[in-house]
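Build the complex from these two chains, which are given one at a time in their own frames, with help from the hints.
If you read the sequences in order, they're chains A and B. Using my numbering, the first residue of the first sequence is number 1, and each one after it goes up by one. Using my numbering, the first residue of the second sequence is number 117, and each one after it goes up by one.
One should not assume that every hint holds.
As the list claims (entries may be wrong) - One-sided and incomplete, this derived list gives chain B residues near chain A with beta-carbon spacing under 10 Å:
hint, residue
1, H150
2, Q154
3, Q158
4, G159
5, P160
6, E161
7, Y162
8, V201
9, Y203
10, Q212
11, L214
12, V215
13, F216
14, G219
Unchecked claim - From chain A, some residues computed to sit far from chain B (all C-beta separations above 12 Å):
hint, residue
15, K11
16, V19
17, S27
18, S62
19, D63
20, P70
21, S73
22, T76
23, E78
24, Q80
25, E83
26, V115
What the hints assert, rightly or not - Simulated restraints on C-beta separations:
hint, chain 1, residue 1, chain 2, residue 2, range
27, B, N124, A, R64, 26 to 34 Å
28, A, K71, B, P226, 44 to 52 Å
29, B, N173, A, N18, 41 to 49 Å
30, B, T121, A, N18, 37 to 45 Å
31, B, D183, A, E78, 43 to 51 Å
Please keep in mind that the hints were generated in silico from the structure rather than gathered at the bench. Note that CB positions come from ideal geometry on N, CA and C, so glycine has one too.
Residue strings, one per chain:
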Amino acid sequence: DTGVSQNPRHKITKRGQNVTFRCDPISEHNRLYWYRQTLGQGPEFLTYFQNEAQLEKSRLLSDRFSAERPKGSFSTLEIQRTEQGDSAMYLCASSLVHGTGGAGYTFGSGTRLTVV
Amino acid sequence: DAKTTQPNSMESNEEEPVHLPCNHSTISGTDYIHWYRQLPSQGPEYVIHGLTSNVNNRMASLAIAEDRKSSTLILHRATLRDAAVYYCILPIQGAQKLVFGQGTRLTINP
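One chain only, chain B, in its complex shape (with noise of 0.2 Å):
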C-alpha cells in the first residue's frame, strides 16, 4: 500500500470545523483515498473515500489536491462524538486488505 503520514494528535474545540491532513506522495494514478475511524472502544469505521474529485457525505467531506499527493478530511461542526483516531488508507487497487497506519487522534473540547 502507498505510505501515508498524518499527524499524530489533533485538538479542536466543539462546533468548530476540524481539517485532518494526510500525506501521500507516493500515490498512484488509480489509487483511492479512504478515511476510516476508530471512537473509543469501538471498531474502526468507514468515513468517506475519493479519488480525484472532492467528496461529500453526511460524515464529512474529502478535500484531495490537484496533485492527488496529499488531502484534507473536514469535519464541518465537530461535535464531542467525533473524537476518535482518524486513519487515512490507501489500498492498492483490488486491495485484499485494509493496512492502517497510526493515524491522528483527535480531541474535541467542549
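The following block holds chain A by itself, in its conformation from the complex (with noise of 0.2 Å):
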C-alpha cells in the first residue's frame, strides 16, 4: 500500500458543470477525511466517515456538495453546480482511530480544483 491515492490530480471545469473526485484510503483505515485548503490557509474539515457511515459534516459543506464512500472502502467527493468560490485544493486523508486522537492521519496529495 502506498498511501492515500487521489484522482484526479489537478480539474478544470467551466462554472456550473458537476465534478466528481476519488479518494482511495490506506486499506487497513477505516476513518476517511475530506478537506479544502484554499491559498495560504490551512486544510478546512469538509466531513469524515467511519467506515461506510458519514459521521460529521461540516458548515462549509453546502448541499451543492456530497460525499459518499460505499462498501466502507474508496470516497467520492462530489460538487454540483460548481461556483468560482469552489476552487481550491481538495484533500482527503485517511486514519484509524487513535487514542491520542490526532496521529497516523495520512494524507493524500489533494485534487487541486480551478472553476472558470
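And the structure:
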C-alpha cells in the first residue's frame, strides 16, 4: 500500500458543471476525511466517514456537496453546479482510531480544482 | 480544540538547527500536542506528537515545556527539503478530526 491516492490531481471545469473526485485510502484505515484548502490557509475540515457511515459534516459543506464511501473503501466527493468560490485544493486523509486523537493521519496529495 | 499560536513565518539556513515555537496556554491535561507539516504541492504529513515528555523520532524532536503551555519542534539539521508549512495541533481526546490553523511557513536558505 503506497498511501492515500487521489484522482484526478488537477481539474479545470466551467462554472455550473458538476465534478467528482475520488480518494482511495490506506486499506486498513477505517476513517476517511475530506478537507478543503485555499491559497495561504490551512486545510479546513469538510466531512469524515467511519467505515461507510458519514459521521460528521462541516457547515462548509453546502447542499451542492455530497460525499460517499460505499462499502467503507474508496470515497467520492461530488460538487454540483460549481462556483468560482469552489476553486481550492481538496485533500483526503485516512486514519485508524487513535487514542491520541491526532496521530497517524495520512493525507493524499490532493485534487486541485479550478472553476473558470 | 485548544487554540494554538504560531509565528506566521520563520527563516533558517541549511544544515543549522531550527526551533519552531507553539503556544497553547489553554491546553488541558489530556491534550496531546501534534505537529504536521505540508511541503509545497503536497498534503500535510505527520511529524511527531507528545503529551508531557520530550519526544524524538527520525524527523524531529518535540520539546514540551514543564507547564505544557508551549512546545517547540526542533529540526536538528535543516535541509532544503524541510521548507514547508508546519502546523501545531491540539486535538481533544477522542477528536474526530484535525483542525488546522495557519501554521508557520519555514524557509530554508542554501
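(message) To test your reading of the hints: which numbers does this structure violate?
(response) The structure breaks none of the hints.
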